[in-house]
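Protein chains: 2
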Amino acid sequence: MERDSRPLILVCNDDGIEAPGIAALVAAVHDIGDVFVAAPIREQSAVGHAITVRDPVRAQPWPFRSPSGSVPAWAVSGTPADCVKLAIDKLLPRKPDLVVSGINQGPNTAVNVIYSGTVSAATEATMLGIDAIAFSLCSWRGGDFESAGRWAARIAGHVLTSGLPDGILLNVNVPDLPYDRIRGARVTRQARSRWEESFHERRDPLDRPYYWLTGRFVNLDEGDNTDLHAIEAGYVSITPVHHDMTAHEHLARLGSQAWDEEPTP
Amino acid sequence: MERDSRPLILVCNDDGIEAPGIAALVAAVHDIGDVFVAAPIREQSAVGHAITVRDPVRAQPWPFRSPSGSVPAWAVSGTPADCVKLAIDKLLPRKPDLVVSGINQGPNTAVNVIYSGTVSAATEATMLGIDAIAFSLCSWRGGDFESAGRWAARIAGHVLTSGLPDGILLNVNVPDLPYDRIRGARVTRQARSRWEESFHERRDPLDRPYYWLTGRFVNLDEGDNTDLHAIEAGYVSITPVHHDMTAHEHLARLGSQAWDEEPTP
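Chains as they are written, first to last, in this note's numbering: chain C, 1 to 265; chain A, 1 to 265.
Note that these hints are calculated values from the structure, not bench results. It is possible that some hints are incorrect.
[Said to hold, decoys possible] Incomplete in silico selection of chain C near chain A, CB under 10 Å:
hint, residue
1, Gly48
2, Arg65
3, Leu169
[As the list claims (entries may be wrong)] For each label pair, taking beta carbons as the anchor points, the in silico distance ranges come out as:
hint, chain 1, residue 1, chain 2, residue 2, range
4, A, Trp140, C, Ser198, 15 to 23 Å
5, C, Gly129, A, Asp207, 31 to 39 Å
6, A, Arg253, C, Tyr179, 42 to 50 Å
7, C, Glu146, A, Pro72, 51 to 59 Å
8, C, Arg42, A, Arg203, 50 to 58 Å
9, C, Arg42, A, Trp212, 28 to 36 Å
10, A, Asp207, C, Glu196, 24 to 32 Å
Each residue gets a CB set at the ideal place from its N, CA and C atoms; glycine is no exception.
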């Protein structure tokens, strides 16, 4: 794709505007476009595709510094999806060529994609007709954001050059390894998996119960083309994701059921 | 499917435990199973698939009355997905046979499925291996919940009898019409559509800006097998929905790109 000017890149995340991952992502893509930041002022992990409809949203200019200098940035009071909507409608000088989200602290693989605020920012962009990529580093604490940033710049460069299919975002997970130990990139599908929940019950000083969500993640998928398999093998995982949740493969069979009639018990 | 006892049905929603739609849904399914309610104590519209991970969740017993008598119920401090997780792990006497969510005030059709807390409760159930149905009434205020409830009971009865494919929920939207004017039910796909956002900017007394999300919904789909088309024609819309967001049809083409190499600018 040829452009008259440098591409405009909007950077968002769900860990909040002060997280190390978004600083790494801005530093990574700063050379390949004009970068703007609109990110939640507070951490918004596991918000899924929430948007703010009952309250107003605020955006305050934020002193965002990258190694290459100051970057126009806003801290937004809402969710990642709110940030993308508001930036495109009100904050940016023009429609962005690319939205990148992350770099998330922790993987967004398998069934977890649906809970991810990082992915939802990218999803929102594709719903508005803009190419988008979500980046996550597979480390729950700290990790090699510089290595993940180099992969982010490379993949963003490819997308700026070649574009993406309509409505498709890339959900990228990077193993927590030094750059020269990552074996390459693989295009993957989400692994079938589930959480086995087990809430911890505690009692407050008035003896009323409250519950902390905990759980054990279970991979149910033996396939060698999944996101979990790629990460495990030391590859960057690139999963194409769409927002049409219709289970098209079941339309015909379910359509042949007699829904209009009373069920026979 | 034969059972020794009456099926256990968990009822959830996103409009909150005091909303008229959940009362209509409980009344509708009360005859076909043992009903339990776990619903948000406050309205949770547009929360998408949010879960509560940074704070504990509380559940308080709630005096829920239906026309057939009192129903065991809990008001939960979290999101619709939290309600389902907590009910199944801690509140119910056994794993439910069916989770029903709604009846939502307002449609959950087309692109809006991704924002819907009503749908997310059902999605969470399918992620835990339980059949689930989300119900919405296509009226933004009031409407014929009794008519929608009769359709909910019918469709829930079919699902209890025949089951659903693994991991698939039904997203049901009912037109706001008297029962005898609804023409039947159709199995549909989500219509391609988008929101054209336009935030209203206002100023607070200290002259700081804040923004209200508004927008215009645009149907981009001419197909006659969509959810929007069914509702428009006076039919109940039944859309099978899954939570695998992988765009499988793009795996091969994207997999052939040279992601490992530096992009050519």
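Identify every previously stated hint that the structure contradicts and give their numbers, smallest first. 2, 4, 6, 8, 9 and 10
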